[in-house]
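Quick note, the sequences are listed as chains E and R, same order. Numbered by UniProt numbering, the letters in the first sequence go through residues 1 to 149 in order. Numbered by UniProt numbering, the letters in the second sequence go through residues 1 to 149 in order.
Everything labelled a hint here was simulated from the structure, so no lab data went into it. Note that the structure is a prediction, hence the values are computed from the model and not measured. Among the hints, a few may not be true.
The list treats identical chains as interchangeable, and a pair is accepted whether it falls inside one copy or across any two copies.
[What the hints assert, rightly or not] Derived BS3-like pairs (lysine-lysine); straight-line CA-CA distance at most 30 Å:
| hint | residue 1 | residue 2 |
| --- | --- | --- |
| 1 | Lys122 | Lys13 |
| 2 | Lys12 | Lys24 |
| 3 | Lys13 | Lys139 |
| 4 | Lys139 | Lys122 |
| 5 | Lys126 | Lys24 |
| 6 | Lys126 | Lys114 |
| 7 | Lys145 | Lys122 |
Protein chains: 2
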Amino acid sequence: MISPFNDEYFMKKALEEAEMAYEKGEIPVGVVVVINDRIIARGHNLTETLNDITAHAEMQAITAAANFLGGKYLLNCTMYVTLEPCQMCAGALYWSQIPKLVIGASDPNRGYRKFGVQLHPKTEVKSGIMETECGDILKRFFIEKRNLN
Amino acid sequence: MISPFNDEYFMKKALEEAEMAYEKGEIPVGVVVVINDRIIARGHNLTETLNDITAHAEMQAITAAANFLGGKYLLNCTMYVTLEPCQMCAGALYWSQIPKLVIGASDPNRGYRKFGVQLHPKTEVKSGIMETECGDILKRFFIEKRNLN
Numbered sequence: 001m002i003s004p005f006n007d008e009y010f011m012k013k014a015l016e017e018a019e020m021a022y023e024k025g026e027i028p029v030g031v032v033v034v035i036n037d038r039i040i041a042r043g044h045n046l047t048e049t050l051n052d053i054t055a056h057a058e059m060q061a062i063t064a065a066a067n068f069l070g071g072k073y074l075l076n077c078t079m080y081v082t083l084e085p086c087q088m089c090a091g092a093l094y095w096s097q098i099p100k101l102v103i104g105a106s107d108p109n110r111g112y113r114k115f116g117v118q119l120h121p122k123t124e125v126k127s128g129i130m131e132t133e134c135g136d137i138l139k140r141f142f143i144e145k146r147n148l149n
Numbered sequence: 001m002i003s004p005f006n007d008e009y010f011m012k013k014a015l016e017e018a019e020m021a022y023e024k025g026e027i028p029v030g031v032v033v034v035i036n037d038r039i040i041a042r043g044h045n046l047t048e049t050l051n052d053i054t055a056h057a058e059m060q061a062i063t064a065a066a067n068f069l070g071g072k073y074l075l076n077c078t079m080y081v082t083l084e085p086c087q088m089c090a091g092a093l094y095w096s097q098i099p100k101l102v103i104g105a106s107d108p109n110r111g112y113r114k115f116g117v118q119l120h121p122k123t124e125v126k127s128g129i130m131e132t133e134c135g136d137i138l139k140r141f142f143i144e145k146r147n148l149n
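Use the sequences and the hints to build the structure in full.
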């Protein structure tokens, strides 16, 4: 039997979160945290809604996942995120010791890889999963924003 | 008249926050955020208490200050922090656009300066304010921790 659960499956779920951010007028970035093919935390960017620059999708999902697990380290977890994390979120992922990070679109301007930000040595990174779809929602958002102003 | 308000004054207030963390068995780091010589936010490390690696003193104080200001950018604010911020907190400070950061003790292992983490171009940094006191509380904490184990 072929499992329905693969990287594309979970990145689609992260994209659904990004869509929710989009609907709220937030920069559309979404995240899910998965353990044994089960989603234990979801998050989407809420910086405008909460008036809080720390309310990135990843930060919320890290807190929610730790809450679910009852421990602060995201052992055995994989995070799927539609956009390459920024310095702050990558720094948080470092502390979380998450073993796997799957990234949709790259962020050449604000992504952690542009700087020297280090993930935890345990963290394996996979990039470019549904890159086009994850990037398109951001392009759509910024084009719409520009046209409104 | 000599103003009682200078960097040492506010770093002492941040140290009081670090003491509160110490009392709770948390790595003792404290923060205050100041605007026009008035403290608008305080925070101390609560990662153990909250089971949340994102609950660093700085992160909480950034959220609290934004809440107080009613806006997400920490315009005209100065953050006093007893220990050099980590990658995550420096990344958050980048987004906050805070104009001034005053650091007590350096953190050569986990501090943001070891990595390539960038603060906002607007942010002026001052280091080494009450460095000994800010470092001593950490040393005291780790010696005690070691002796208990």
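field: Index of numbered hints that the structure contradicts, given in increasing order
entry: none
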